[in-house]
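Going line by line, the protein sequences match chains A and B. If you're matching positions, the first sequence starts at 5 in the working numbering and goes up one per residue. If you're matching positions, the second sequence starts at 69 in the working numbering and goes up one per residue.
Hints are computed from structural coordinates only; laboratory data are not their basis. Remember, predicted model here, so these are calculated numbers, not experimental data. Note that the Cβ used here is the ideal one computed from N, Cα and C, for glycine as well. Incorrect hints may appear among the rest.
Claimed, not checked - Think about it this way: if two alpha-carbon atoms lie no more than 25 Å apart in a straight line, the pair counts; the simulated BS3-like pairs of lysine-lysine are:
| hint | chain 1 | residue 1 | chain 2 | residue 2 |
| --- | --- | --- | --- | --- |
| 1 | B | 295 | B | 281 |
| 2 | B | 245 | B | 281 |
| 3 | A | 161 | B | 121 |
| 4 | B | 245 | B | 213 |
| 5 | B | 281 | B | 206 |
| 6 | A | 62 | B | 121 |
What the hints assert, rightly or not - Listed next, with one range per pair, are the computed distances between beta-carbon atoms:
| hint | chain 1 | residue 1 | chain 2 | residue 2 | range |
| --- | --- | --- | --- | --- | --- |
| 7 | B | 309 | A | 109 | 51 to 59 Å |
| 8 | A | 78 | B | 105 | 37 to 45 Å |
| 9 | A | 168 | B | 104 | 15 to 23 Å |
| 10 | B | 232 | A | 108 | 42 to 50 Å |
| 11 | A | 54 | B | 273 | 33 to 41 Å |
| 12 | B | 98 | A | 24 | 36 to 44 Å |
| 13 | B | 98 | A | 169 | 29 to 37 Å |
| 14 | A | 161 | B | 308 | 51 to 59 Å |
| 15 | B | 274 | A | 82 | 21 to 29 Å |
| 16 | A | 139 | B | 222 | 54 to 62 Å |
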Amino acid sequence: MKAPMCPDSSLDCRIAGSRDRLYRIALAWCGDAMLADDLVQETLSAGITKQSQLKDEKRLFAWLYSILNNQWNTYLRKKKAHDVLDEQLPSHEAGPVENAEQADIVNQVRRVVATLPVVERQVLALVDLDEMPYCDVAEILAIPIGTVMSRLHRARKRLLEKMERATAPARKDRVRLVE
Amino acid sequence: MEKFDNLDGQMLGAFVDGLLDAEHTALVVTAMEDDPEIRNQVYQLRRAKDLIKLGFADVQAPPAETPQKSGRCTWKQFSSRVAASIAAIAVSFGAGVLGYHYHADQPGAASAVASATLRQTDRVILHISEPDSKQFSKVLAYMDKFLDEHTAENGRIEVVANAGGINFMREAISPFKNQIIAMMDKHHNVQFIACASGIRVLHNQGIDPVIIKGVGTGETAIDHIVKRLQAGWTYIKVDTLSEI
Numbered sequence: 005m006k007a008p009m010c011p012d013s014s015l016d017c018r019i020a021g022s023r024d025r026l027y028r029i030a031l032a033w034c035g036d037a038m039l040a041d042d043l044v045q046e047t048l049s050a051g052i053t054k055q056s057q058l059k060d061e062k063r064l065f066a067w068l069y070s071i072l073n074n075q076w077n078t079y080l081r082k083k084k085a086h087d088v089l090d091e092q093l094p095s096h097e098a099g100p101v102e103n104a105e106q107a108d109i110v111n112q113v114r115r116v117v118a119t120l121p122v123v124e125r126q127v128l129a130l131v132d133l134d135e136m137p138y139c140d141v142a143e144i145l146a147i148p149i150g151t152v153m154s155r156l157h158r159a160r161k162r163l164l165e166k167m168e169r170a171t172a173p174a175r176k177d178r179v180r181l182v183e
Numbered sequence: 069m070e071k072f073d074n075l076d077g078q079m080l081g082a083f084v085d086g087l088l089d090a091e092h093t094a095l096v097v098t099a100m101e102d103d104p105e106i107r108n109q110v111y112q113l114r115r116a117k118d119l120i121k122l123g124f125a126d127v128q129a130p131p132a133e134t135p136q137k138s139g140r141c142t143w144k145q146f147s148s149r150v151a152a153s154i155a156a157i158a159v160s161f162g163a164g165v166l167g168y169h170y171h172a173d174q175p176g177a178a179s180a181v182a183s184a185t186l187r188q189t190d191r192v193i194l195h196i197s198e199p200d201s202k203q204f205s206k207v208l209a210y211m212d213k214f215l216d217e218h219t220a221e222n223g224r225i226e227v228v229a230n231a232g233g234i235n236f237m238r239e240a241i242s243p244f245k246n247q248i249i250a251m252m253d254k255h256h257n258v259q260f261i262a263c264a265s266g267i268r269v270l271h272n273q274g275i276d277p278v279i280i281k282g283v284g285t286g287e288t289a290i291d292h293i294v295k296r297l298q299a300g301w302t303y304i305k306v307d308t309l310s311e312i
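Isolated chain A (complex conformation) (with noise of 0.2 Å):
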């Protein structure tokens, strides 16, 4: 689906052409398509009822990204499973990634992106998916720049370990059938 013409440049308008770009970090931050649909409803809705808090329209992505943050923490809170978001630990049981017969790799990217930390997702999505600047990022999600480039780091990090850890089973019977 393509994103839904905006006739004119009103703000209403603006944040309802937003939806696949949020749904896009939301689906990265969450790995659920209907949890993120989800999000991303409730951050239009938000966004579209409270447009007038927001003081400049040139930052209205970082804004929404800082409601759907919102958002994002709400659920986890109510799942119980954001006391300690910050000493989360990913997980090195072998999951679906590990085990994966899929060599696609778009779907090995989001297994592998879905079994990172939660605080690491969110800043590796909103870096690299969509190019924020640190200081943004930073102000998105609360925290201060050093940490933004710190959980940027380690996700990437771990992220292209897990990949190679991923493919490697494949590569290693591609070998076996050469031999």
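With chain A's structure known, arrange chain B on it following the hints.
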């Protein structure tokens, strides 16, 4: 390598993200020329960035009216879906043309009413989500008044119930069962609908919610409301109804 000791992973990350100033960019570029390890680190960071883009760049949001999975249709989510759907409809038809106005008359629950501009006042959909008998009495009073003024030829009215409002549509427990049946028997331009998703939730809880005969059960409330809004009906959230 010593002269590049201050080049840590975070700085290389900032280089890859294009966020370094000219001085530090030059430092990294020089380091890359001199040191294959730095070169490899930058390559790996770029690869991580490309992988994320590859994994999510083509993701598109599903249509706004996608039905909820059973059990996940909370009122807050439902309200947002209505509001977002109305926003999408307003956008698709041209903002301001349909004249929908948003006002949050209670926290977290956006409601929408159509202005007089192009709304069809002879097509009304009432929405109830709370098991509040006073609210349902208002619904019936509103319907009586509407049906006094409209015949089947010139007006239609519907009541959509979801969440706690479904109780009013249940054969065994609805205190308004007789009135609902009588109204449906007497008027052919009246329809009651119980949200299919809400019924599924009750089933999942081990409850068999037998619905009053004649009440529609084939659609989720959100789907039905969106369909009516797209057709130009007037939407009224019951808790905004004043005394008739």
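Failing hints, ascending? none
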